[in-house]
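Student: Line by line, the protein sequences are chains A and B. Numbered per my numbering, the first sequence spans residues 1 to 230. Numbered per my numbering, the second sequence spans residues 1 to 650.
Just so you know, the hints here were simulated from the structure itself, not pulled from any lab data. Virtual Cβ for every residue (Gly too), placed ideally from N, Cα, C. Hints should not be assumed to be uniformly reliable.
[Stated by the list, open to error] Coverage of chain A stretches by chain B, computed from C-beta distances (three or more under 8 Å per stretch; other residues unrestricted):
#1 6-13
#2 56-67
#3 93-101
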Amino acid sequence: MDARLRRVNKEISDCKNDKTSNITLELVDNSPFHLKGSFPGPEGTPYEGGNFEVDITIPDAYPFQPVKMKFITKVYHPNISSASGAICLDILKDAWSPVLTLKSTLISLQSLLCSPEPNDPQDAEVAKHYTTSKASFDETAAYWTQIYAGGPGPKASLKGDNIKDKDNKKGKGGMMDEIAMAGLEKAHVEQFESLGFPKAKVIDVLKRLNYRGANVSSISEDRIVEELLK
Amino acid sequence: MSDYEVSDDEYYYDDEEMMDGTQDDDEYDEMDMDDDYNDYNDDFKVDTVPKKKSYEIDYESLSQADVEELMKQDVEHIVGITGVEECAAAILLRHSSWNKERLIEKYMDNPTGLLVEAGVTVPEQPEPTTSGSRAHSVSASSPSTKRSTRSSSKILSSFVPSSRNSSSKVSSSTTGSSSTRTSSTLMKRLSPDPSPTNSNEPFTCPICFDDSTDLKPMALDCGHMSCSGCWQAYITSKIRDEAEHCIRCMAEGCQIVSPDSFVKKVLTSCGDSSMMGVDVEANKIAWSRFQELLARNFVASVPSLKFCPYPSCTNTVKCTDAALKSSLTTIVPTVSCGARGIPGLEKSSGEESGNNNKNSKSKGTSGGSGTSSSILANKEHKFCFGCPIEADHRPVVCAIAKMWLKKCEDDSETANWIKSNTKECSQCQSTIEKNGGCNHMTCKKCKHEFCWVCMGPWSEHGTQWYSCNRYDEKAGVDARDAQSKSRASLERYLHYYNRWANHEQSAKLSVDLYAKTEKKMEDMQLTSELTWIEVQFMKKAVEEVEKCRMTLKWTYSMAYYLAPGNQKELFEDNQRDLEKAVEDLSELLEGPIEPEDIPNLRQKVTDKTVYVQKRNEIVLDDTAKGFHEGRWKWNVPVEGFEDDEAGFDA
Ligand SMILES: [Zn+2]
Ligand SMILES: [Zn+2]
Ligand SMILES: [Zn+2]
Ligand SMILES: [Zn+2]
Ligand SMILES: [Zn+2]
Ligand SMILES: [Zn+2]
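Just need the whole structure built from these sequences, with the hints factored in.
Tutor: Printed below as a string of C-alpha cells:
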C-alpha cells in the first residue's frame, strides 16, 4: 500500500479512537488527502467555548513535507489572517518534522491560540491591537469567537462600553455589530459619524490607525478627520 | 553539422580565398572539425596574434569535478588541523560558509560548542567534556557508545529546539509546549530500542507506522530510528523539493545533520523495495542533485567562483580578477563556462552539446565565436561575472548597465510608444512595420527612404555625414524655463533610449535574419559553384552584425551618462563609425541576391565584415582602456566611482 495513504489512514483512525483530546478529523469529498479538522478553543482564553475548524491538505510528499492548514473558522488572532485564515506557525514551514502528525499539529494550533506571537504577525492590524490594548483585543477576539465559532461572547469581567449592545445581539443568529467586530468603541465611532462621515469609513480609518486604549489620547482628532477626508 | 555531407577536400581553402594569407595544411578529419573551423573564423579576426585583448579578462572554467576537488582540499585542511572525520569537517565547513580561518578559530575556542552548533554531535548536558577528545570520536558510523544514552530522558528534553530558536518564527514556547505535550507518545516511538535486533519487541517506524519484520531501521548519531524507506523518501524530498543540502534528522527539533556518507548510504542502498517503493532511478537523480547542491553551496561561498547561470549547466567559472566588487569599475568581466547549448534546443545528432563538457577543464578568454551549423542552439554559455543584468554588456561596466536599465524601467511609460514595432512613414503616413535589423527603411507605398531611428531621410545618412548617434547637447543647454528644461531632459533621454532600444530590437530580430540567411545560403549553393563552407561568409556576417548591435546598444547607455567633453566626443566618434559600418553591412545582408552577382556580393560582405569587426574592436578596446585608466567621467554619481567631478546636472 502507498505509504502516505497508510500513514494518513492510521492517523485518522488513531484520532477517532482517542476520546480524550477533543480533536476531530473528517474527510472532505471522500479523499483521505483533503480533511477537515476541528478542536475546541482553549480554556482561559478569548477563544474558550468556540469550536474551530481547519482545512487540511496533505501534500504528495507528506509526511516529509509539511501538511497545509488554514482556519475555516474566522479567528481574531495576531498570527492568523482575519481575512483568509492563513496561519503563521513555524512547524507548518521550516520547523516541520515528519514525526509530527495531523493531531499534534492541530494541538499546536490550539496552543497557538493560547500564546500569540505578535512580533511575527500574520495579520498586522490585529497584532497592533493585541500589543496596544490587550483587554480590548481579548474582548474583540471573544466577540469573533461568539459570532463565528459559537462561543458565549465576551465575559462579564471584560465588560466594555458597548457590552449592552452585544448582550442584545447575543447568539449566532443575532446581527453582527461591526464596531465590536473591529474592536472599536461605539462612542468613538459615533463621534466621527456625527461629523457626517459614513460609518463604514469611520470604522475603517479608526481600525487602521489603531484607535484603541492608550492610543486614543495620542492620535489627534484632526489627524483622523484628515484620514477620513482622503 | 550533421545535416550535410562534404568530401574532405572541400574543407581546404585556396590560398587566394584566405583573407590573411595563412593556410592550415592539416588534413581535415572528423575529429578536427572544430579546430579547422576556428581557423576559418580566424580569417576574419583583425588581430592575428592570439593575445589577450584589453576588453577580455582571465578566467578559468571548472567542471563540477574540479569544484569537488577544491572542496576536498578544504576538507582535508580542516581534518588535518582539527582531527575530526571528513564528513564532520565538511559539515563544519558548510556551517561556517567555507571560511576556514573563522572555523578553526571557533573550533580552537570551543570544539564541542561548534560541533553541536553545526549539527555534528548531540548536545550532552552533564559531564563537561574535555576539549578535543570527543571530537575524534565524531563519526557517522560508530554510534554504539551513544546508543546507551540516547533513549534517556535528558536527550529527549534536548529535542526542544534550542539552537534554532533564534531563527524560529513563532515563539518556541508555542512549539515547545505543544511538542512536549503532543510528542510524548511519538517520542516514545521515536526513542529507539537500544538494540533492536536483540529485542523481542518489533520495530515500528515512527514515520510510516509500518511494523513489518523486514524493515531496516536507520538512524544518525542521535539515534532517532526510522525505516530506510522513510529516510529515502525524506532525503529525496529535501533534495528535490527544497534543494536542501543540509538535511537534519527527522525527529522534531533534532539538529543533527546527515553526513554525506549517510545520504549516500540511504540513496544507494536499494535492496529493500518492500516499504516506500524504492525508486532506484529517483534515488540516483537525488544523489547527483545532492552533489550538485554541495558544489553550489561551496561556489556561492567563494567570491572568486560563480556557478554558470544557464539552465541545467553545472560548470563553474573562476575569475580572481573580478572577485572584489571594487574591480568592477575598471573591468567588465564577461566570461563563459566552457559549455555550449541549452537542453531542448540542441540539435540532435553529432554535435558537441553543452552539458557534456563536464570533464573538460579549459582555460579561456572571452569573445570566442559561435561555430556550429545550428547557430542559436549551440550558443556558448556567456555571462557577466559581476552582475546578472545581461550576459555581455560590454563595453559598459556593471554599474552603468544597472543604472541605465533602472532608468529605462522607471521611464518605461513615457518611452513605451517608441518601443512599438510600427511607425508611420514621414512622407505618406502609412504604417510601416520593421521586420529586419536594418535601419534603412523604404516605404512600400511611396518609396520614401528614411532612417528608422531618427525618421529623417536616408539620403542624409550617406557616406560622409552620419549623425544619428549623437544627441545635440546644446539644445538642452538652451532650455530656459523649467518646463522646457524637463522636456529637454526627456528628449535627451529618449534620444539615447530610442537608439538603445532599436539596437536591442534589431539584435532580437536577428533570429529571423539567421533563418533568412540560412535559406539564402542554401539558395546560393544551388545557384552558384560555391560549397557550403564557402557560403559561410553570410552567416559570419550575420553573427558579426548581431554582436556589434549588442555593443552599440550598450554604448548608448554609456553615452547617456558620459560627462560632456573631449572624451565623450571621441567615444561618440567611434560609436558613429561602428554604427555606420553595421548599418551598411546589415543592408547588404537584407538585400536581394542575384545569382550572377554572388561573387561580387561575397567580396563585399567579407570586406565589410572585416571592417565592422575592426570598428567593434576599436570601440571595445578604447572603452575598456578608458575604464582601466579611469578616463571616463560621468554626469551623475556612479556607484563605485569617486564623484570627484563637480557640476552634475541633476
Ligand atoms: Zn518508515
Ligand atoms: Zn535525531
Ligand atoms: Zn554553462
Ligand atoms: Zn555585469
Ligand atoms: Zn511612405
Ligand atoms: Zn537616422
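Student: For every hint, state whether the structure bears it out.
Tutor: We went through each hint and held it up to the structure:
| no. | hint | in the structure |
| --- | --- | --- |
| 1 | 6-13 | holds (count 3) |
| 2 | 56-67 | holds (count 4) |
| 3 | 93-101 | holds (count 8) |
Violated hints: none; the structure is consistent with every hint.
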